[in-house]
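Let chain A serve as the given structure and place chain B on it in line with the hints.
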Amino acid sequence: MTNKEKTVLITKNGIRHDGRKKTDLREIRFEVGILDRADGSAIIYWGKNKILVAVYGPRELHPKHMALPDRALIRCEYRMATFSVTERKSPAPKRREKEISKILAEAIEPAVFDYLYPRSVIDVFIEVLQADGGSRCASITAAALALADAGIPMKDLVVGCAAGNLNGEVVIDLDDVEDKEGQGDLPIAVLPLSGEVVLLQSDGVFNPEQYKEALDLLMDACQTIYKLQREAITNKYAKITEEIIEPVEVEPEPTEAKVDKKKKGEKTEEKKETEEKTPKKKASAKKAKSEQSEESEKKKKTSKKKEKKTPPKKDEEAKE
Amino acid sequence: MTIFIENRSMVTPGEIIAEGNYNVGQNVYRKDKRIISQVIGLVSIKDDYINVVSLKGKYIPRVGDTVIGKVTDVSLNTWTVDIASPYPGILRPATSLDRRFDPVKDHTRKFFDIGDVISAKVFSFDRTRDPVLTLRDNNRSGSTTFLGKLIGGRVIEISPSKIPRLIGRRGSMISTIKQYTNCRMIVGQNGRVWFKGNSFEEEYLVLQAIEKIDREAHTTGLTDRVKEFLEDARKKMGKPTAKGEQPKK
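Protein chains in written order, with this note's numbering: chain A, 1032 to 1351; chain B, 836 to 1084.
Excised from the complex, chain A in its bound form (with noise of 0.2 Å):
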């Protein structure tokens, strides 16, 4: 227990054990949609923390008389695997784990519509793969990704953060060690847009003044890891997205020919022009949605006069 005095949490200079200052986040990585089984999934990397997310639902609620008649009942569940701690983890589910599957519930309640449907279950299975401090919040800010990848109705995504007290100086995003040694801990998770807090606990000691400073610096690191979690979600439809517009750019050449002969020069030329814009610069992905879809309307034109002329065409090369 020697290592345990020799921590030190914070230096004069406000730099943490591990390098950080006050307000740096750990670095917090997702990806979406990893789990091909389930409805909709999710996995967040933040700092040391490895957690999966999987959603199931909503769907048909057994057993049955849990229903509930006006809502969808949501059901959530928090493990941690026997090695995501250093000491091995009994595998039952214990008071910590029974706690947090019930808070992340709550939690994630007021961000559904869960109205839309009564009677049925929305399940959210969090395993966390590697713990280090923070991995409740870490959760539910993984837990809304995969909501939202299930496509289930939200009002807004979920963003959790932890501020703590290490000696008497407020810090966010608290891991294994400063959670453990440090004064205080104080989760929180808010709705993002609106500023409501879903989640708040708070756990050793914290003055009024240290109280509102950590407020407002956690209030300030949500909004920072919304713009990740929507960052996720957008990259991973936008990786679909790359990889077809190149080949949409080559084929339409024999369309354009073949509607030249059919005197529809006009517009065709006009099609040229916004072709040779959309390749090679991609400088904002909106800029490049709007244009290509300009063009596809115009394709779904000429498709349709090519839908209607081309079977008896066809007749003839089969004849042939």
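The reader is advised that the hints may include incorrect statements.
Just a few of them, taken from the derived set where beta-carbon distance is under 8 Å, the chain A residues facing chain B [stated by the list, open to error]:
no., residue
1, 1144
2, 1180
3, 1224
4, 1268
5, 1271
Derived contacts from chain A toward chain B, CB cut-off under 7 Å, selection only [claimed, not checked]:
no., residue
6, 1091
7, 1149
8, 1182
9, 1184
10, 1258
11, 1259
12, 1265
13, 1272
Derived SDA-like pairs: lysine to any residue, alpha-carbon spacing no greater than 25 Å straight-line [as the list claims (entries may be wrong)]:
no., chain 1, residue 1, chain 2, residue 2
14, A, 1043, A, 1258
15, B, 891, A, 1141
16, A, 1258, B, 869
17, A, 1079, A, 1130
Honestly, the hints are just simulated from the structure, not real lab data. Cβ atoms here follow ideal geometry from the backbone N, Cα and C, with glycine treated the same way.
For chain B alone, coordinates are given in the frame of chain A:
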């Protein structure tokens, strides 16, 4: 009256789409004067209506929908049908058989047994009670889909929100697939598609096409891409054109 997000672009839950007196369409909600998205999807703004077309989500039954279900339970006078929704479908002999059903003499199992796949229509549904299905088609517009037990073929399940994409504008996508593969297809609004072809290769082609649509539903120009894909695939198979030009009904 300002719109913050371009039409047909992607939004996430909680993203503000517009501010002002717009009409709230699907998958959006209003808070104060702001119109906010509820789901991951694509924005579609028509006149004053703001909708978000969801990319994923479970099927919620609607009266009149054709659905493809699997019988999960049989009782004396009901079949319980899994229709890929939070609510199980209920099918009764009175609305499904074309003759009198006497629960004393007849056995429900003789008509549909557990594991059978059926196509049916949603007869009634409100969220307080489970959806009731029927095998009778009261649609007199002429275009009728087969309702009843589906024998053979395959069933694939995709996200129900992508079914309109699979059907295409005025059925363009689905007729393209039928034309190039000579397969019979029944599309359920619940995200299940049944299809049966003359050969394994052709069935596999349908499968690939549907998977392609499921994956790329959020992109534009999809019908053309599917067409190209099918054309290429047919060339590789050594049969550049489909045998019958008209899709079989």
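Tested hints:
1. 1144: Holds, about 6 Å.
2. 1180: Since the shortest Cβ distance to chain B is 7 Å, the answer is holds.
3. 1224: Holds, about 5 Å.
4. 1268: Holds, because the Cβ-Cβ distance from residue 1268 of chain A to chain B comes to roughly 6 Å (cut-off 8 Å).
5. 1271: Interface hint status for residue 1271 of chain A: holds (6 Å vs cutoff 8 Å).
6. 1091: For residue 1091 of chain A, the interface hint holds, since the closest Cβ of chain B sits about 6 Å away, which is under 7 Å.
7. 1149: Where the cut-off is 7 Å and the nearest Cβ of chain B is about 5 Å from residue 1149 of chain A, the hint holds.
8. 1182: The hint holds - residue 1182 of chain A has a Cβ within 7 Å of chain B, the shortest such distance being about 3 Å.
9. 1184: Where the cut-off is 7 Å and the nearest Cβ of chain B is about 4 Å from residue 1184 of chain A, the hint holds.
10. 1258: 11 Å, violated
11. 1259: 12 Å, violated
12. 1265: 6 Å, holds
13. 1272: Because about 5 Å separates residue 1272 of chain A from the closest Cβ in chain B, which is inside the 7 Å limit, the hint holds.
14. A/1043 with A/1258: Roughly 32 Å between the alpha carbons, so the hint for residue 1043 of chain A and residue 1258 of chain A is violated.
15. B/891 with A/1141: 21 Å, holds
16. A/1258 with B/869: 20 Å, holds
17. A/1079 with A/1130: 23 Å, holds
In this structure, the hints that do not hold are numbers 10, 11 and 14, in rising order.
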